[in-house]
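The chain contents come next:
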Amino acid sequence: MKTSTPTKALALSLVSIALLAGCGGGEETSKTQKPKFEIDKDPYPSTYQPVPGEPTVITNVTILDGIGGQIDNGSVYFENGKIVAVGADIDVPDNATVVDGQGKWVTPGIIDTHSHLGVYPSPSTRSHSDGNEATKPVTAEVSAEHAVWPHDPGFQRALAGGITAMQILPGSANLFGGRSVTLKNVPDRTMQDMKFPGAPYGIKMACGENPKRVYGGKGGPSTRMGNVAGYRQAWSDAQDYKRKWEQYYADYEAGKDPKVPKRDLKLETLMGVLDGEIIVHMHCYRADEMTVMMDVMKEFDYQIGSFHHAIESYKIADKLAENNVCSSMWADWWGFKMEAYDSIKENIPMVHNAGACAVVHSDSDLGIQRLNQEAAKAWADGKRVGIDISQADAWQWLSANPAKSLGVFEQTGSLESGKHADIVLWSGNPFSTYTQAERVYIDGGLVYDRANPESWPVSDFELGQVGEGDAK
Amino acid sequence: MKKWIIALSAMMACATASAQQIAIVGGTVHTMGPMGSVENGAVLIRDGSIQSVVNADAVPEGYEVIDAAGKVVTPGLFGASTSLGLVEVGMSAGTVDSSVVFGETQTAPVSNVGAALDVQYGINPDSTLIPVSRVEGVTSAATGIGRGEYLFSGQGAVITLSGGADSVLKPKAFMHVDVSNNISERHGGSRAALWVMLNEVLGEAKAAPARLGPTSEWHGITTRADAAALKAVVAGNMPLLVTADRASDIRLVIDLKKRNPQMNVVLVNAVEGWRVANELAAANIPVILDPENNLPGSFDQLGATLANAGRLHKAGVAVSIGMDTHNIRLATQHAGNAVANGLPWEAGLAAVTINPARIYGVADQVGSLESGKRADIVVWSGDPLEVTSHAEHVFINGEHMGTESRQHKLRDRYKNLASDVPMTHVRP
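The listed protein sequences derive, respectively, from chains A and V. So that you can map any letter, position 358 of the first sequence is 358 in the working numbering, and since no number is skipped, the others follow by simple counting. So that you can map any letter, position 85 of the second sequence is 85 in the working numbering, and since no number is skipped, the others follow by simple counting.
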């Protein structure tokens with residue numbers, strides 16, 4: 001388990017980029033042509049190494065496979081970091097470690113699309129506050145990955161809640177807050193050690209109150225009109241920038257020796273969105289604003305991956321389904337600001353019921369520790385008003401749908417053969433207040449074992465402090 | 001207090017006229033009183049008050065029956081620490097009486113340490129938050145100022161969530177002071193200044209004459225109004241809620257109580273409370289906390305753990321849970337998580353019912369299902385601390401409250417998105 005396949009694939013692609021950069025167009029073009037310039041799209045490559053695991057089978061458990069299936073009294077077998085078999089009756093090699101899950105449940109690991117762990121870490125001192133580059137409304141050039149403090153104790157707490165991967169986002173002060181990064185929840189020495197191999201970048205955008213509150217007295221925007229004008233101008237600039245690069249490549253292919261355009265890191269991120277390589281995650285509460293943003297999306301020909309918070313998604317669930325935009329939602333947060341006033345507890349099931357993509361997210365270092373309970377509340381609230389969603393289907397809100405909205409569903413987010421063995425063994429039905437994650441596996445490695453306090457991870461910050469190694 | 005008793009009698013007289021008798025029959029009744037839990041029980045309500053809790057087969061004739069078979073019946077929930085009724089939308093919008101900020105220009109300060117501030121004047125029974133919380137089983141709450149610039153955040157009140165004109169159950173129900181890391185610059189940004197000031201003003205309140213009128217001599221550093229308010233605190237007639245997290249800060253709170261045994265001291269937040277649990281129990285100091293607070297948010301919370309509530313209870317400390325405003329309805333979930341991490345289930349339910357009622361001196365009216373108390377009762381679909389359960393019936397003072405809030409109306413309006421008419425014409 002020293003090198004996983006994704007790591008290899010990434011290494012290969014890096015080699016090819018290097019080759020391209022080194023010898024691009026060297027053979028047939030004119031001798032005066034300088035080497036072709038290629039932007040390195042992965043300058044902070046993942047150094048993630050899975051925790052070594054052993055071939056393991058969890059037996060006698062209720063399985064939610066994360067894509068709508070429930071298997072009672074089933075088994076899950078995984079080895080070399082990958083899921084091999086899931087079912088009521090599966091073949092398991094003799095050398096496999098057997099975990100008897102009698103009375104317990106197994107699900108895919110929970111993936112949080114909205115976390116600020118590491119960029120707004122604990123302790124929340126001003127010195128640690130690295131989540132919002134709130135100096136100008138468009139800061140698409142910054143990246144959350146350059147600020148993630150891997151020693152945030154919040155990562156370990158989230159692990160005990162069954163979180164196996166998460167997207168770390170910049171905050172919502174800006175129209176464009178910067179790039180996000182997706183991490184495996186295996187905190188180590190560096191951000192790169194946690195970085196999810198092969199996961200695309202996201203970009204944080206924000207609607208509504210926050211940008212206008214932050215910039216209203218600092219040159220604007222001070223209204224929602226100003227917000228939208230800001231997005232539109234930025235997209236227009238990005239289109240122009242993209243054309244420059246396209247011209248450069250076209251000229252180069254034509255044998256000319258064009259001047260390499262100056263890199264503009266802000267527009268480069270936006271160009272990545274226009275090229276479909278970077279996924280838009282947009283903080284947006286109100287239905288009317290989300291609808292305007294879906295028109296902006298069409299005007300400039302890009303795709304929004306997910307609206308975040310999406311308090312009023314229930315009002316436009318049909319439009320969200322039509323436009324293939326996910327909603328990352330809380331179960332019941334409300335009223336802390338005007339744009340959160342029309343929150344209802346049935347938002348998540350109503351979005352799901354309309355055929356749109358529903359995601360349960362946290363935006364909280366406490367909430368991330370019990371996202372299963374958030375889903376449970378939403379599931380129960382839906383059921384109460386006749387929206388009968390099975391628990392197996394509801395689990396999509398916690399793993400498959402977030403994985404899709406982060407662009408990592410090929411690798412994780414469901415219990416399917418060949419996928420990463422990102423698995424949680426719960427003490428019982430996870431749609432309950434009392435149920436806890438007993439074991440958490442990431443890429444087949446046992447990274448959390450509630451029964452073995454000696455094995456609990458402790459962040460650098462908590463070493464030698466009051467309560468080191470305590471039950472958290 | 002006298003005024004309050006008169007108001008109550010007037011209300012009772014009013015209710016007697018209707019002579020309403022209701023029986024909630026067949027559920028598992030957790031009385032939170034000396035009767036404990038009664039399987040297949042019945043709660044008898046007469047004229048707004050609890051008459052008795054009996055076996056389901058002992059319900060007399062003449063009662064309107066609410067079927068609670070297979071359900072769980074508890075006292076209404078008591079929000080232990082909220083700003084309910086004082087705030088609509090906190091940030092950049094709406095009514096906010098839960099924070100107090102005087103400008104620089106305040107000329108004749110009525111208060112210079114905040115003790116005189118009194119939230120009873122800010123409580124709005126029509127606040128949207130009231131029905132949103134009530135339909136989830138919250139029937140009363142302590143409400144106070146959440147943010148201010150003074151040493152004390154003023155005098156809070158206990159309210160009922162009936163939404164009626166008589167919503168203030170008990171004005172001047174508590175005083176609050178924060179001695180944790182949140183010390184403002186106004187207090188030197190240091191415990192070295194804050195505690196000296198706190199001891200000083202409590203000391204001078206003690207020394208102040210019983211009646212402090214405009215013609216009385218007064219040389220204290222606080223205003224007369226502050227001293228008058230603090231007089232009730234030092235006499236033990238008004239509980240002093242003290243927010244502290246660090247073990248050493250909590251020890252100072254315990255010392256304060258030891259030096260002033262007549263004072264009614266309550267510890268709030270108490271992230272490291274478990275480290276001094278035995279001392280808290282010995283000093284008879286109850287605690288209001290958020291059991292989910294398990295991160296070292298600051299350097300005075302390094303010992304944060306989900307085991308806090310359970311460990312405090314085990315040592316004999318009375319634990320109350322429910323620190324929120326818009327989402328005080330999640331107190332049951334918080335209590336459930338405390339139970340998942342070591343708090344016995346009964347103590348979890350006590351933490352959201354009888355324990356806070358005792359802290360605020362209203363346990364003679366609310367917090368348990370006992371004869372003569374207000375009939376504030378909830379019928380739950382199942383275990384109230386379980387996230388998948390919900391409140392099916394909510395009674396306040398014997399009145400069967402509606403099960404709808406603004407949020408339900410919004411939900412029902414948007415149930416069918418393929419409406420032929422504009423949504424504003426859809427009236428659920």
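It should be emphasised that the hints constitute simulated quantities derived from the structure, not laboratory data. Small disclaimer: the values here were computed from a predicted structure and weren't measured. Heads up, a few of these hints could be off.
[Stated by the list, open to error] Here are the computed lysine-lysine pairs in the DSS-like style, where the Cα-Cα straight-line distance is at most 27 Å:
no.	chain 1	residue 1	chain 2	residue 2
1	A	K244	A	K41
2	A	K319	V	K415
3	A	K337	V	K373
4	A	K34	A	K337
5	V	K409	A	K319
6	A	K242	A	K262
7	A	K218	A	K244
8	A	K136	A	K104
9	A	K259	A	K337
10	A	K383	V	K415
11	A	K259	A	K136
12	A	K319	A	K337
13	A	K383	V	K409
14	A	K337	V	K415
15	A	K262	A	K41
[Stated by the list, open to error] Take a look, some chain V residues computed to stay more than 10 Å from chain A by CB distance:
no.	residue
16	R46
17	E88
18	K231
19	N237
20	E272
21	F299
22	R329
23	G336
24	N337
25	E346
26	H390
27	K415
The C-beta atom is built at its ideal place from N, Cα and C for all residues, glycine as well.
Cross-check of the supplied hints:
Straight-line distance between C-alpha atoms of A:K244 and A:K41 comes to about 18 Å, which keeps the hinted pair within the 27 Å bound. Under the criterion of a C-alpha separation no larger than 27 Å, the hint pairing A:K319 with V:K415 is consistent with the structure, at around 14 Å. Restraint check: the Cα-Cα separation between A:K337 and V:K373 comes to about 37 Å, which exceeds 27 Å; the hinted pair is violated. Note on A:K34 and A:K337: the hinted pairing is violated, with a Cα-Cα distance of about 55 Å set against a maximum of 27 Å.
Taking the CA atoms of V:K409 and A:K319, the gap is about 21 Å. The hint holds against a cut of 27 Å. Distance hint between A:K242 and A:K262 is fulfilled; the C-alpha atoms sit about 12 Å from each other, no more than 27 Å. For the proposed pair A:K218 and A:K244, the alpha carbon gap of about 32 Å is over 27 Å, so the pair is violated. Only pairs whose Cα atoms come within 27 Å are accepted, and A:K136 paired with A:K104 is rejected, the gap being roughly 50 Å.
Taken as a hint, the A:K259 and A:K337 pair is broken in the structure, with Cα atoms around 50 Å apart against an allowance of 27 Å. In summary, the hint linking A:K383 to V:K415 is supported, as the alpha carbons are separated by about 14 Å, within the 27 Å threshold. Taking the CA atoms of A:K259 and A:K136, the gap is near 30 Å; set against the 27 Å cutoff, the hint is violated. This hinted pair checks out: A:K319 and A:K337 have alpha carbons roughly 25 Å apart, not beyond 27 Å.
Pair hint A:K383 plus V:K409 holds up; C-alpha atoms about 17 Å apart against a cutoff of 27 Å. For the suggested pair A:K337 and V:K415, the alpha carbons sit about 24 Å apart, so the restraint of at most 27 Å is met. This hinted pair checks out: A:K262 and A:K41 have alpha carbons roughly 16 Å apart, not beyond 27 Å. Residue-level check passed: V:R46 sits 31 Å from the nearest beta carbon of chain A, beyond 10 Å.
Some Cβ of chain A comes within 10 Å of the Cβ of V:E88; the nearest lies about 8 Å off, and the non-interface call is violated. With a least CB separation of 36 Å from chain A, V:K231 remains clear of the 10 Å interface cut-off, as annotated. Non-interface status of V:N237 relative to chain A is upheld: no Cβ of that chain comes within 10 Å, the nearest being about 34 Å off. Non-interface call for V:E272 relative to chain A: violated, since the shortest CB-CB distance, roughly 7 Å, does not exceed 10 Å.
With a cut of 10 Å on Cβ distances, V:F299 falls inside the contact zone with chain A, its closest approach being about 6 Å. A beta-carbon of chain A is positioned within 10 Å of the beta-carbon of V:R329; the least distance is around 8 Å. A beta-carbon of chain A comes within 10 Å of the beta-carbon of V:G336; the shortest separation is about 3 Å. Separation of V:N337 from chain A is inadequate, the least Cβ-Cβ distance of about 6 Å not exceeding the 10 Å criterion.
Every beta carbon of chain A lies more than 10 Å from that of V:E346, the smallest distance being close to 15 Å; the non-interface claim holds. Not every CB of chain A lies more than 10 Å from the CB of V:H390, the least distance being 6 Å, so the non-interface label is violated. A Cβ of chain A approaches the Cβ of V:K415 within 10 Å, the least distance being about 8 Å, so the stated non-interface status is violated.
Comparing the model with each numbered hint stated earlier shows that hints 3, 4, 7, 8, 9, 11, 17, 20, 21, 22, 23, 24, 26 and 27 do not hold.
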